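Peer 1: Sequence:
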Amino acid sequence: MSENVNETASLPVSLNMHAVPLVEDLDGQVKRCRICNYRCELAPGQSGVCGVRLNQGDTIQTTNYGLVSKADLERIEDRNFYHLFPGSRIFTLGGYGLNFPPTLEQGRFVEPPSGGNNRFLPLERLAHFTIERQCRGVVFAFNEPTMWFEYILDAAKIIRANGMFTAMVTNGYMTLEALEMLGYYMDGVLIEVNAFHERSFNTLTGRDNFQKVLEIARRALYKYKCHLEIQTRIVPGVNESNSEMELLATWIKQGLGANVPWHLVGGFPGARPELDRIKEVGLNCGLNYIYVNEGTSVPATEEPLAAIFDSTVNGNTYCYRCHSLVIDRHNEEVRFSGLEKNKCSLCGATLSINNTLWK
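Each residue of the sequence shown is one higher than the one before, counting from 1076 in my numbering.
What the hints contain is simulated information worked out from the structure, not anything from laboratory work. Note that the structure is a prediction, hence the values are computed from the model and not measured. Note that the Cβ used here is the ideal one computed from N, Cα and C, for glycine as well. Mixed in with the good hints, there may be bad ones.
[As the list claims (entries may be wrong)] Here are the simulated EDC-like cross-link-like pairs (lysine to aspartate or glutamate), alpha carbons at most 20 Å apart as the crow flies: (1) K1328 with E1369; (2) K1416 with D1403; (3) K1287 with E1255; (4) K1232 with E1252; (5) K1328 with E1290; (6) K1232 with E1199; (7) K1298 with E1252; (8) K1287 with E1319; (9) K1145 with E1199; (10) K1418 with D1403; (11) K1298 with E1255; (12) K1287 with E1273; (13) K1300 with E1290; (14) K1145 with E1273; (15) K1232 with E1255; (16) K1287 with E1252; (17) K1232 with E1207; (18) K1145 with E1207; (19) K1300 with E1252; (20) K1328 with D1351; (21) K1300 with E1255; (22) K1298 with E1315.
[Claimed, not checked] Cβ pair distances, simulated, as ranges: (23) K1298 with T1425: 43 to 49 Å; (24) P1348 with G1238: 43 to 49 Å; (25) F1204 with P1348: 38 to 44 Å; (26) G1103 with P1311: 43 to 49 Å; (27) S1318 with A1236: 34 to 40 Å; (28) Y1297 with D1147: 30 to 36 Å.
Generate coordinates for the entire structure from the input sequences, incorporating the hints supplied.
Peer 2: As C-alpha cells, this is what we get:
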C-alpha cells in the first residue's frame, strides 16, 4: 500500500460522499486512486494524502463533494488570469483538499471542519447564483481543484451549458486520465510551475518528477485547447536563481509559445527587485507577457525595463509588436483600446487573448 495514506480515516460518512471515477482494483480490497499523481493505494478505511478520498471497501469515495470552503465575487485578474475574458466579473470558489504542502493562506482548505459546520452548494444553485450575479464565468481556486475533481467535473458541464466559461488555478499534479475527463469542459487553466529542477520541486512539494506538471500544461493547451497561463511563486533560497528561471522561461517560449502569459508572484519582504530581475530574464528569453504580482491584488507602479520593450507595465497589456496599448488595467474598470477579437487592431499581431467560449 502507498506510504502517502492515513491509516485511520477520521472523515465522516455524509451525504457529500461521491464515487471517485478513476479507481483501479488491486489485491483484495486495496484500490488505487488515479486522480492525482500520488496514485495512493488504499486499504479499506484508509484515506489518501489529500484527506478527502476514502476506501469504503467496494470503491473509493470522496467526502468533499459540493462542500465550499471559500467563495468570492471578483474580477478575473484577481486570480491572475490576464488574457482570459479580461476584466470580467467571476464567481471564484474552492472546496477542500490539498496534495502539496499548504501555503500559509491554504491552511483552512485542508479538509472539511468537523461538527457538520459545512456549506453545501448544489449544482443548480451554483449556476443560478452565477447568472443572477451577472458573472461571466466560474473559476475554481483556493484549494487544489484536482482534489475537488468530482464536483468540478459536474459543475463545469452545467456552467458551460449556461453560456459561461470555466477556469481553474491548479498545481498541475493531476493524472493524464483526470485531464482527459476534465479538459474538454475547462476553458482556462492557470498552472503553477514553481520549479524547473528536481531539487527545487522536491523542496517545495515533497515530490519528484516536475516533468509531469509540464506535460499537463502542454496537453491542456494543445490537446484540449484550454487557454493557458503559467504562474511561478518565487521562494527565496529555493527557486529564484537566474539559471533555473531561464530554463523555465525558455520552456514556456519553446514548448507553449512566446505569448503565453507568465505570472511572477512574490509575497515576501523585498520581493519587487527579485521579481523584476526574473522578469528581465524572461524578457531576454523572448517571452512577450510577464506580469509581476508582489502578493497583493493591486499591481504596483513600475518603470519600463530599459533593455527591452516591456508589454505589461503597471499590469496593462500592450501589443508586443507595435507597442500600442491594448488593455488598460490602471483604473478600477478594465478598458480595451486596441483589441479586435484576438488581434491588435493596429498591426494585426495575434495576442493570445481569449474572449470566446469556442475552443
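Peer 1: Each hint should be assessed against the structure and marked as holding or not.
Peer 2: Hint check results:
1. Pair hint K1328 plus E1369 does not hold up; C-alpha atoms about 23 Å apart against a cutoff of 20 Å.
2. At roughly 16 Å between alpha-carbon atoms, K1416 and D1403 fall within 20 Å of each other, so this suggested pair holds.
3. At most 20 Å may separate the alpha-carbon atoms for a hinted pair to count; K1287 and E1255 meet this at roughly 14 Å.
4. Taking the CA atoms of K1232 and E1252, the gap is near 18 Å; set against the 20 Å cutoff, the hint holds.
5. At most 20 Å may separate the alpha-carbon atoms for a hinted pair to count; K1328 and E1290 meet this at roughly 15 Å.
6. Pair hint K1232 plus E1199 holds up; C-alpha atoms about 11 Å apart against a cutoff of 20 Å.
7. Taking the CA atoms of K1298 and E1252, the gap is about 13 Å. The hint holds against a cut of 20 Å.
8. As the CA atoms of K1287 and E1319 are separated by approximately 17 Å, the hinted pair is consistent with the 20 Å bound.
9. Among the hinted pairs, K1145 with E1199 is consistent with the structure: their alpha-carbon atoms are about 18 Å apart, no more than 20 Å.
10. Taking the CA atoms of K1418 and D1403, the gap is about 16 Å. The hint holds against a cut of 20 Å.
11. Proximity of K1298 to E1255 is assessed by CA-CA distance (about 9 Å); at most 20 Å being required, the pair is judged to hold.
12. Under the criterion of a C-alpha separation no larger than 20 Å, the hint pairing K1287 with E1273 is consistent with the structure, at around 11 Å.
13. As the CA atoms of K1300 and E1290 are separated by approximately 14 Å, the hinted pair is consistent with the 20 Å bound.
14. For the given pair, K1145 sits about 32 Å from E1273 by alpha-carbon distance, which is inconsistent with the 20 Å threshold.
15. Proximity of K1232 to E1255 is assessed by CA-CA distance (about 14 Å); at most 20 Å being required, the pair is judged to hold.
16. Using a Cα cut-off of 20 Å, the hinted pair K1287 and E1252 holds, with the two alpha carbons roughly 13 Å apart.
17. For the given pair, K1232 sits about 18 Å from E1207 by alpha-carbon distance, which is consistent with the 20 Å threshold.
18. As the CA atoms of K1145 and E1207 are separated by approximately 19 Å, the hinted pair is consistent with the 20 Å bound.
19. Only pairs whose Cα atoms come within 20 Å are accepted, and K1300 paired with E1252 is accepted, the gap being roughly 16 Å.
20. Distance check on the hinted pair: K1328 and D1351 sit about 19 Å apart at the alpha-carbon level, within 20 Å; holds.
21. At most 20 Å may separate the alpha-carbon atoms for a hinted pair to count; K1300 and E1255 meet this at roughly 12 Å.
22. For the hint pairing K1298 with E1315, the CA-to-CA distance comes to about 31 Å; that exceeds 20 Å, so the pair is violated.
23. For K1298 and T1425, the Cβ-Cβ distance of about 20 Å falls outside the hinted range of 43 to 49 Å, so the restraint is violated.
24. Take P1348 and G1238: their Cβ atoms lie about 44 Å apart, and the range 43 to 49 Å holds.
25. Between F1204 and P1348 the beta carbon distance is about 42 Å. The supplied range of 38 to 44 Å therefore holds.
26. At about 47 Å, the beta-carbon gap between G1103 and P1311 stays in the expected band of 43 to 49 Å.
27. Judged by the Cβ atoms, the range 34 to 40 Å given for S1318 and A1236 is violated: they are separated by roughly 47 Å.
28. In this structure the supplied range 30 to 36 Å holds for Y1297 paired with D1147, their Cβ-Cβ distance being about 31 Å.
Violated hints, listed in ascending order, are 1, 14, 22, 23, 27; each of the other numbered hints is respected by the structure.
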